[in-house]
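Undergrad: Protein chains in written order, with this note's numbering: chain A, 1 to 83; chain B, 84 to 476.
Rather than coming from a laboratory, the hints here were simulated on the basis of the structure. From a predicted model like this one, the values you see are computed outputs, not experimental measurements. Think of the CB as a built atom: it goes at the ideal place given N, C-alpha and C, for glycine as much as any other residue. Misleading hints may appear alongside valid ones.
Said to hold, decoys possible - Counterexamples of contact, computed for chain B against chain A with all Cβ distances above 10 Å: (1) L91; (2) R96; (3) K117; (4) D148; (5) G199; (6) P210; (7) E211; (8) R220; (9) V244; (10) G350; (11) I353; (12) K354.
Unchecked claim - Computed list of lysine-lysine pairs in BS3-like fashion (alpha-carbon distance at most 27 Å, straight line): (13) K190/B / K78/A; (14) K145/B / K191/B; (15) K78/A / K66/A; (16) K117/B / K290/B; (17) K436/B / K117/B; (18) K257/B / K66/A.
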Amino acid sequence: MDAESIMQQVRAFLGQYISDVDVDPEENLFASGLVNSLFAMQLVLFVENGFGIQVANEDLDFENFKSLNAITGFIQKKSGTSA
Amino acid sequence: MDIELNKLQQAARAEFRAFVDERVAPVADEFDRKEQMPDALIRTLGQRGYLGAMAPAEFGAKTMDALTWGMLCEEIGRGSASLLSLLTVHSMVIQTLLRWGNDGQRKKWLPLLASGDRIAAFGLTEPEVGSDAGNTRTEAIADGSDYILNGSKRWISFGQVADIFLIFAHVDGKPAAFLLERHAAGLDIEAITGLLGFRSAMLAELKLDACRIAAGNMIGGIGFGFSHVAGTALDHGRYCIGWGALGLLQGCVNACLEYIGQRKQFGVYIKDHQLIQEMIAEMVVHARAARLMCHHAACLRQRGATSTIMETSIAKYFTSRAAVKAALDAVQIHGANGCSDRYPVARYLRDAKILEIIEGSNQVQQLIISRHACQEHVAASRPAHTETLKAGS
Chain A
1 MDAESIMQQV RAFLGQYISD VDVDPEENLF ASGLVNSLFA MQLVLFVENG
51 FGIQVANEDL DFENFKSLNA ITGFIQKKSG TSA
Chain B
84 MDIELNKLQQ AARAEFRAFV DERVAPVADE FDRKEQMPDA LIRTLGQRGY
134 LGAMAPAEFG AKTMDALTWG MLCEEIGRGS ASLLSLLTVH SMVIQTLLRW
184 GNDGQRKKWL PLLASGDRIA AFGLTEPEVG SDAGNTRTEA IADGSDYILN
234 GSKRWISFGQ VADIFLIFAH VDGKPAAFLL ERHAAGLDIE AITGLLGFRS
284 AMLAELKLDA CRIAAGNMIG GIGFGFSHVA GTALDHGRYC IGWGALGLLQ
334 GCVNACLEYI GQRKQFGVYI KDHQLIQEMI AEMVVHARAA RLMCHHAACL
384 RQRGATSTIM ETSIAKYFTS RAAVKAALDA VQIHGANGCS DRYPVARYLR
434 DAKILEIIEG SNQVQQLIIS RHACQEHVAA SRPAHTETLK AGS
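One chain only, chain A, in its complex shape:
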């Protein structure tokens, strides 16, 4: 799956939790206060359920989840689809 397709799904998922669906792909979702702590686990379930990957202990790094670009890159890396 290409980055654009993943990004589209992540953005659609995010749209369920924030008002601004056109959020900048580099914007830090957590630091900006766009999402709350509950979202963190919902995001984990979304990534696992939507893309068939397992988020493990060693994946707990804010760099993997902080923005749309970061989440997309993480999914690509874990699913072996990164360019």
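Using the hints, position chain B against chain A.
TA: Quick look at chain B alone, frame taken from chain A:
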């Protein structure tokens, strides 16, 4: 949503009911008075595979699916809310280890927890920190390959007997979680008694005075203690409490149906009084609605849907409120008898109130549910995204 039980689930439910009817319900009031949960009963839960049912079979567990586990919580909750809290906190730690523990931590602890050879408790709440759980004051300071913990934890269910605690503390201002063994130097455990409810849940206060923990006992990572580690545990805890509250509610229904067919006033059984019928009808309808919500949460949990977190919160909120209402009415129906310990309804009422407070107070659930509803409303107004929004829900 299919709420039909398969044969294995039907058999499991029958087993749980029989166990609670024979081994829990008859002694729950006695244990409540003594403010103790006998070690023999705790060990029995372990031997029957109930304590470890959330762990995979590779760790020696008698693994249950989400619905079967929910039904176990329901039946235990019907018999003793205090015992339900053991299942809850113990399995919260198991879930956390499964989700965020490393291989070494899982291999070391999960077989012991799955068998019930070791009991686990959950240490988040503090004397000054309840609902504001992200701002715990307990601190962990790195010291070589260890961390030194200072602070205190209060209202820790089964803290009097637990062998291991999942403790939340801040490291350089960031939340982290640690597994702390009971014999750790600097850990002092004091029993808490005289509670309104959950009297046999053997609550304790933990005082951590320069308590040394190996860095290898950290679960997850620094910064993820609240959002991911506690988040995982609390979501599971709410699932257990939602089902357990349904059990307590069903216990109220059962007790009242028994009583109103035996008690006569004004020359007729009180089941024939219309104002009694109103309370029974409310109770029964709430029990049906609560059951549907719990089953819905189970279905979502079974397939790992993202909406399971919110639907579990909704189920916990509704069932615990309905349990309080049912218990109030159950005492009312029993009259003066209901205010004594000759009937279980007084205990139900005291315990039901606790269910509205633990694993996220109902006011916290209201905030979560309301904000989510507003967001859903906004999302629903974006027709262009309707199809893609279904992803992961």
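Undergrad: Now tell me, hint by hint, if it's right for this structure.
TA: Going down the list of hints, with the structure as the test:
1. L91: holds, 25 Å
2. R96: Given that every Cβ of chain A is farther than 10 Å from that of R96/B, nearest at about 27 Å, it holds.
3. K117: holds, 38 Å
4. D148: Nearest chain A Cβ is 17 Å from D148/B, so the label holds.
5. G199: Correct as stated: the minimum Cβ-Cβ distance to chain A is 25 Å, above 10 Å.
6. P210: holds, 22 Å
7. E211: holds, 20 Å
8. R220: holds, 18 Å
9. V244: Consistent with the label, V244/B stays out of reach of chain A, its closest Cβ about 28 Å off (over 10 Å).
10. G350: holds, 56 Å
11. I353: Given that every Cβ of chain A is farther than 10 Å from that of I353/B, nearest at about 45 Å, it holds.
12. K354: Label holds. Min Cβ-Cβ 44 Å, cutoff 10 Å.
13. K190/B / K78/A: Since the Cα atoms of K190/B and K78/A sit roughly 24 Å apart, the hinted pair holds (cutoff 27 Å).
14. K145/B / K191/B: holds, 18 Å
15. K78/A / K66/A: The hint holds at about 16 Å.
16. K117/B / K290/B: holds, 25 Å
17. K436/B / K117/B: holds, 20 Å
18. K257/B / K66/A: Holds, at roughly 16 Å.
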